[in-house]
Amino acid sequence: MPAHDEVHPAPEHVRTERAPHTGAALDQVLQVASSLQNAMNSVIEGKPAAVRTAVIALLAEGHILIEDVPGVGKTMLAKTLARCIDASVRRVQFTPDLLPSDITGVSVYNQDVRDFEFRPGAIFANVVVGDEINRASPKTQSALLESMEESQVTVDGTTYALPRPFMVLATQNPIEMEGTYPLPEAQRDRFMARISMGYPSARSELEMLDQHGAGSPLEALRPVTDATTVISMIEAVRRVHASQALKQYVVDVTQATRTSSALRLGASPRASLHLLRASRAHAALAGRDHVLPDDVQSMTTPVLAHRLMLTGESQLAHRSAADVLADLLQRVRVPAPTR
Amino acid sequence: MNRARPVETLLAALASFTVALPLLTLFDSNAWVRPTLVVVATIAVVGLVLRSVTASALRVFAGQLVAATLVVSWLHGRGHLYYGVLPGPDTMRTFGILLGEAQQTVMAFSVPVPTERGVIVGITMLVGLTALATDAIAVTLRLPALSGLGLLTAYLVSATNSGEGLSWKYFVLPIAFWLGLVASQGITSVRRWGTAVPRTADGEDHDPVLGVAGTARLLGAGALALAVVVPAVVPHLPTTYLAEGLGRTENGTGGGSVRLNTTLDLRRSLESQSQQPVIDYKTSTSTPVPLRVAILTDYRNGEWSTGFDANRVVTNGVEPAVGSPDVKRTDVKVEVTENRLEAPQIALPTPLRSVDLDGAPLRRNFVGGYEVDRTRGDYSATYSELAPEESDFSGNGPEPAGSEQGLYTELGGEGILRLSELVDSVVPSDATPLETARLLQAHFRSSQYTYSLQLPTPTDPVSGRTMMSDPLSNFLVSRTGYCVQFASAFVMAARLKGIPARMAIGFLPGTFANGGYTVRAADAHAWPELWFPDLGWTRFEPTPGVRAGAAPVYSLIPSQADPTASPSASATTSAPAPTASERPDSDQGAVRDTTSSLPGPLSWARDNLLTIGIVLGIILSLLLLPVAAWVRRRRMRLDARDDAERVEAEWASLISRLGDIGIAPPAGSTPGQAGARLTHDAILTGDSKAAMGRIVDTVERARYAPPSTPIDDVGEDAKAVWKAAVSARQRGDRARAYLVPGDGVQQWNDVKDAALDWPRQAWARLRRR
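Read top to bottom, the protein sequences are chains A and B.
Residue 1 is where the first sequence starts when you use full-length UniProt numbering, and the numbers rise one by one after that.
Residue 1 is where the second sequence starts when you use full-length UniProt numbering, and the numbers rise one by one after that.
Simulated from the structure, these hints should not be mistaken for lab results.
None of these values were measured; they are calculated from a predicted model.
Take the hints with a grain of salt, since some may be wrong.
Said to hold, decoys possible - If the Cβ cut is set under 10 Å, some of the chain B residues that face chain A in the computed set are:
(1) Glu645
(2) Glu648
(3) Trp651
(4) Gly662
(5) Ala664
(6) Ala667
(7) Ser669
(8) Ala674
(9) Ala705
Unchecked claim - Rough simulated footprint, nothing fancy, chain B against chain A, three-plus residues with beta-carbon under 8 Å:
(10) 141 to 153
(11) 188 to 196
(12) 235 to 249
Think of the CB as a built atom: it goes at the ideal place given N, C-alpha and C, for glycine as much as any other residue.
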């Protein structure tokens, strides 16, 4: 992105004295992330925003909840992201009879060594795709969500660390409620961002028909990056600068959700954390070494919307959480640095 | 809500009553005040009661009318009532007679009018009607703004008949009550809107009035201030008279004309000087002389008058020129365009050469005073401007007419002895008549004397008793007076030294405006004339102070007139004679003399001092906000401790300035969004758009980038953006942006807050101790 290089001529000496590799690392983030997005966009037609959010969550070490009606490409998105990274990928189809041990793993008695041996479950992978997560029992869901939060699994008193990078892409179908266990709000809070795919545009759908007619484009997809690169990218994103005024803004936004009269439940402190991390990744994707309020605003809806509960009044008024957030963003002042 | 509306009733009653207060200046007693108050109060109370009982406006009004009629009858119609209670035809007849008498009184008397019974009845009825109308319209029908018309009519009747400017307080009181009436009614209306007023951001319900009350208060106060200030700028308009009666000047017999009193009483203080124009004239000279109306020769018991001998009309036509033909003289023409001086008086310059009265005769009396048969609206006269040499004063020529009878040498009154002592101390015994006159004039014009229209009453330093017996002594002791006292003392002093002298009365040259001079009644003046054989009657000017006439050049001591002359010339003076420019209370005439040679603009500036002052004041007040804004922006820039704060200050001031031309970013916008919005709204293109982009980038870096990031100066870019944005706006918007900048308002608010906060903090500190 040459335009950004012009706009932000951050000289070398600044970068070297603070974070030696920020410049180079940022370039790498930019380059890899754009090729990642290109690759994914070639499969997921006409949904660059969803793709971008997925990549941001990857770089911000967050998990993603993909929520939409059937057949719009939820699983496709998850699988595409997994395929683009040269890393271990597991896909779990959640069903009511899925057991927690199927997720976390189980200790099996090994006759040869005469001891219990840990058989890792589906969670032990860099990218885990949990399909139709609301179909599993709450017990199984909790097992997944606990490991998501802690990046580790404890079975029979032994703790096993999950590989890095670690990302869960869960899909959920909000329409068929029969025999499902929808994620409670507290559990949804653990996902950094929610993606609603939405129907593709007519043209995108037409293109999709052309491409998918020949065969799955997923087959032709080659990984554009690997786990180590992703880890270094995550490190680079962590070093993106967030000023005091910006942190104040993040807090102001989440506070506003808690005091808003349109919301029954506001955003948690974990939401603030996720929002800042996602904003960092967003800034890095723009090639910037610092976060702007604009980054925060772009990430507010994907990061916060699924955590909020609307009041009955707002629901009756057919307002969505995204509407309420847009209203809040217009009201919350962007803090200027105080003297 | 209370249907009786007590607050509004009270305000309406007060407005109706105060609107009549200017009548206080027209009548000699305030006997009308009490019955008027009773009637106004009755109307208010009856209205209050009836409104709480019935909702019908007609019934309330009828009730008030009946009550007011009854009260007026009880107050003024006693003895003409049925059973002593009810008014009947007899009462009406009596009131008719009384009102007829009142009209006669008003027609016959000038201000102050005697307060007869009929006058009181008339005033009571007029004010009662005003109160009735105001209460009915403003309170019962709830149309307070409309009631202002009735109040204004009543105010015009009471205020415009005094013939003089009225104190602003008479205006402020009724207007304040009326505004209060409008405000209280408005508040009630706004409260009823209720839900139409948007809720504030914090979601709490405030009184909806609060939102508009500040603006309304500002508008009301501003209008009131304007109404008081504007009359200071516009000229005094001619007076209109109630029934062609009130407001005439003393001795007047017809509307608007003026007559000078030809007896001068030295005891009277001069008060209430009328600004009524008397004469408008044009002349070619820049140093016009006073216009003489009459000559007074006899001084008896503190009063000047024209003796019988002197007043005898001897002939028609202009007095032949007297004195030596060698004296340098220039003929100057005076064209009177508007004359309101009543016949037989006529104001003419002296010494008169010729006069054009359009064929009408000009009578001359024994001592050289002129009279006409009837008032002439316009006439012209030519007089000689004398420029006598020193030697011209020493000739031994003829005595003036009437000197045989002792008209100009007669001494009288008790103060002569005191005056003689004074003259001896001021004038050396061997002084020539000219030296005598000059020294005397210099003495009276010195700082030892005070010009005042108010005559003090001196007390004896030993006994502490009031010395009122003789006005001349009074003046010589108190050394305070106006032209009559100065001129009298001067005439008497000259006569003591054997110089024939007399008193002239007339008008000062007046004020110059629009190419001509206007003489007002307040320009009336008295001055001495001394006889010098080669010159004839010569004017001197012993009166100091701002309202006195010009001192002629020949009357000044040479060292005064010529600063280069050796000081020994005035060494003979026993009393120190400061020069004209040093004199602290140097009079208007002398100023006119010394500055008349100034170039045009300066003299224009002098003539229009008030206008210039007002214009300067307006300009300065217009500059209050822009300068405050400039100071604020500059302070913010200078107070910035680092580049980031400087950029922040530039950004804040740019946002504020763009806000002044109506371009404002939304409340919750980031710098980037604000920049985009401003670029769009201000229609920035090309360089200015790029400049805005650079500003936004710099602001973002200053706020959010790591602390060590270098930050450019955006001052130039901000200027470019502002110029581009403001040039695309209409002139009105631009003017408003420059004249009423938000930064300026903010700055004054800060000043106000600091000023209000200071005593609070001081109090807190005190309490802590």
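Status of each hint after checking the structure:
The interface hint given for B:Glu645 is met, as the beta carbon of that residue sits about 7 Å from the closest beta carbon of chain A, less than 10 Å. Given hint, B:Glu648 at the interface with chain A, holds; its Cβ is 6 Å from that chain's nearest Cβ, closer than 10 Å. The interface hint given for B:Trp651 is met, as the beta carbon of that residue sits about 8 Å from the closest beta carbon of chain A, less than 10 Å. The beta carbon of B:Gly662 comes no nearer than 20 Å to any beta carbon in chain A, farther than 10 Å, and the hint placing it at the interface is violated.
For B:Ala664, the interface hint is violated, since its Cβ never comes within 10 Å of a Cβ in chain A; the closest pair sits about 13 Å apart. With 10 Å as the threshold, the beta carbon of B:Ala667 comes within range of chain A, its nearest partner Cβ sitting at about 6 Å, so the hint holds. Annotation: B:Ser669 was flagged as interfacial toward chain A, and the flag holds, the nearest CB pair being 7 Å apart, inside 10 Å. At a threshold of 10 Å, the smallest CB-CB gap from B:Ala674 to chain A is about 8 Å, leaving the interface hint in force.
Because the beta carbon of B:Ala705 sits about 4 Å from the nearest beta carbon in chain A, less than 10 Å, this interface hint is met. With 0 residues having a beta carbon nearer than 8 Å to a beta carbon of chain B, the region 141 to 153 of chain A misses the requirement of three or more and the stated coverage is violated. With 0 residues having a beta carbon nearer than 8 Å to a beta carbon of chain B, the region 188 to 196 of chain A misses the requirement of three or more and the stated coverage is violated. Only when three residues or more bring their CB closer than 8 Å to a CB of chain B does the claim for the region 235 to 249 of chain A stand; here the count is 5, and the claim holds.
In terms of the numbered hints stated before, the structure departs from hints 4, 5, 10, 11, listed from lowest to highest.
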